[in-house]
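Chemist: For reference, the chains in residue letters:
Protein chains: 4
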Amino acid sequence: MTKGRLEAFSDGVIAIIITITILLIQVPEGEGLEALLSLLPLAVSYLVSFIMVGTHWVNHHHLLQVASHVNGKILWANLFYLFTLSFFPVTTSWVGRTHFAQLPTTVYVLISLLEFFSYVLLQQAIVHSKDCVILNQVMDESKKELITFAIEVLALICSFFTPVRWASYVLLVLGAAPWIVPDLRMSMVYEQSALYDD
Amino acid sequence: MTKGRLEAFSDGVIAIIITITILLIQVPEGEGLEALLSLLPLAVSYLVSFIMVGTHWVNHHHLLQVASHVNGKILWANLFYLFTLSFFPVTTSWVGRTHFAQLPTTVYVLISLLEFFSYVLLQQAIVHSKDCVILNQVMDESKKELITFAIEVLALICSFFTPVRWASYVLLVLGAAPWIVPDLRMSMVYEQSALYDD
Amino acid sequence: MTKGRLEAFSDGVIAIIITITILLIQVPEGEGLEALLSLLPLAVSYLVSFIMVGTHWVNHHHLLQVASHVNGKILWANLFYLFTLSFFPVTTSWVGRTHFAQLPTTVYVLISLLEFFSYVLLQQAIVHSKDCVILNQVMDESKKELITFAIEVLALICSFFTPVRWASYVLLVLGAAPWIVPDLRMSMVYEQSALYDD
Amino acid sequence: MTKGRLEAFSDGVIAIIITITILLIQVPEGEGLEALLSLLPLAVSYLVSFIMVGTHWVNHHHLLQVASHVNGKILWANLFYLFTLSFFPVTTSWVGRTHFAQLPTTVYVLISLLEFFSYVLLQQAIVHSKDCVILNQVMDESKKELITFAIEVLALICSFFTPVRWASYVLLVLGAAPWIVPDLRMSMVYEQSALYDD
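Chains as they are written, first to last, in this note's numbering: chain A, 8 to 205; chain B, 8 to 205; chain C, 8 to 205; chain D, 8 to 205.
Treat the hints as calculated values from the structure; they're not laboratory data.
Check the hints yourself; a few may be wrong.
Identical copies look the same in the list; a pair holds intra-copy or inter-copy alike.
What the hints assert, rightly or not - Below, in silico cross-link-like pairs of lysine-lysine (BS3-like), each with a Cα-Cα straight-line distance of 30 Å or less:
1. Lys-151 x Lys-80
2. Lys-80 x Lys-150
3. Lys-80 x Lys-10
Predicted model, so just to flag it, every value in this text is computed and none were measured.
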């Protein structure tokens, strides 16, 4: 019951974050082609962020299906997760307006890293709330989180060197790639654990 | 179960898009009649967008009723759909502020076209997720999508010629007209397919 | 089933409208008392609008409980209702920034009138969707709508005359007063009609 | 049934309030480190407000679980609660932009006090709506509300004296601390009262 409200609140926050990012892409000043083209960097950064926030929403969606009840730890892990996610509109806009400058890129990658870290914390809180040996084992053996962390750290390093700075964004999307297809480990174990829970 | 959350998230995003558009109609500068009248073009563009986004919401509403379960393809088709929809506040505001200039009008129609295209993609994903011969047949035989596409392409052409540019907006509303009454093909087949599914 | 989504969407839009109005009360420029006091007119207009939108939400809430199913007419009446409601943030802000000047006050009252008119339209659509003789009779005999209309028209007249312009706002709140306690006619008939419907 | 809609609406408003606060942390002007560091005060005030609004959401969540039905009094107490909450984005932004100046700090604490007061009002309305002797007794004997009130009044006093002004923010977070773990009195009695209600 309380899970429904946690989902609804999270959906509300994520929906606002994803929609508000477009608002920071200001309306073109003037009616000419240059006015439109000047928004191109913002449109690119919006696309990258949309993919990342969208991937997060899809995975959050699957993660919460595993949770059978919500405790205080999950509530606060989820709030911390939404907190880190809420920086996306500002960093996206900063990156776009400065035409992917060095510091904004570094900050953008750092926020993405923090954001992924908070997701893993939430995942831990939910997985540990269930006394399911199989689920814990499957999650511990998995290398998926490590791969994404490694790719995002590489993106962070690239952000410091101007010639390969563009690679930071490619790496971020690459790091999100294993999560685009919702987490099958979860669903798999979810069905199995349902045998034990009910 | 997961369908409920997809609907809630989409409703959140569409609600924000539709409401945020009004915010881009800035508060009049000054307290006189000219200040108010200067907002007229923005009010007209807001009205057109409200009709278009409203029509989309009504149809999205009916479309998802057909879906019996949600897979990764539907999740991402829906996210792409919301992505294209999220450009409405910016293009609406651009069109209003430039008093329906040429390029803004063209961009507005292009976004509408892209948006309708993403809707048809989502429709395909949902229809194909159901192994319902009748539904697939009914949807394939239908000319409704082609008519709207044709009208919107005509709107695109009109947007390039100043004397008939106003016709672009009339055509967009016309193109939405067959969708104002929610899609009866869906409901009809929905009831029939319920006989097979349950 | 579809009613739930209509409610969720409306709640989303109303929640955004009510929250976004505060955003148009800009952050004070400076840190002194004058900076704070300069926001007083905006705070007053925000309070009036909060009462009016809040009252609308409470009544919308009760109105939809009566609806047993949702047809296309109700969907579009509801969208028109949300459309008129969406002008509140802009008119509230205009009225506050111009210190309750004449034209902004008139426009504010006109939007309130239009808004109440769209509410009555939605009420008609919902009441007529039910074949309940008692409900139709109770609603037709009621003078509640007429009283509020009369008070709001009086507010409109007052808005034209500077010495009594403040009375417009008092009258608007007065006009909302009979709706602050949710509509008992509805609940009463709702319970009765439940006897016939189920 | 109606409780669900009250929760959904409140979630929508709180989600918007919490997300919109980040928007008032403007995008850095420029791409250098100074531009980023100039946002530090805003980031700190955002963090404090996120903790406070997050704590409120968690407790609102638990409070409404106790309510078995919603009456007009609860509806309006909840609207007043959301009204006071809606000032957070503006005061947070003001405090951050003025680098925690005296008047903004005082106003921030006053809004927090008003906000907590409106929460206690809502709690009363919900507790009294249930004819549960145990619940009323437990709530009346509790000192939790008084402790938080006392700490927030102390924060108000500190806000007037520059050398200890920073303590106001520490005290506000301290005052929220007993509420970070959701209210166990509620849950405890909720389970007991369920024995009588059903």
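Chemist: Given identical chains, is Lys-151 near Lys-80, meaning Cα to Cα at most 30 Å, within a copy, between copies, both, or neither?
Modeler: both (23 Å within a copy, 21 Å between copies)
Chemist: Is the C-alpha distance from Lys-80 to Lys-150 at most 30 Å within one copy, between copies, in both cases, or in neither?
Modeler: both (24 Å within a copy, 25 Å between copies)
Chemist: Under a CA distance limit of 30 Å, which applies to Lys-80 and Lys-10: within one copy, between copies, both, or neither?
Modeler: Answer is both: 13 Å inside a copy and 25 Å across each meet the 30 Å cutoff.
The structure meets every hint from the earlier list without exception.
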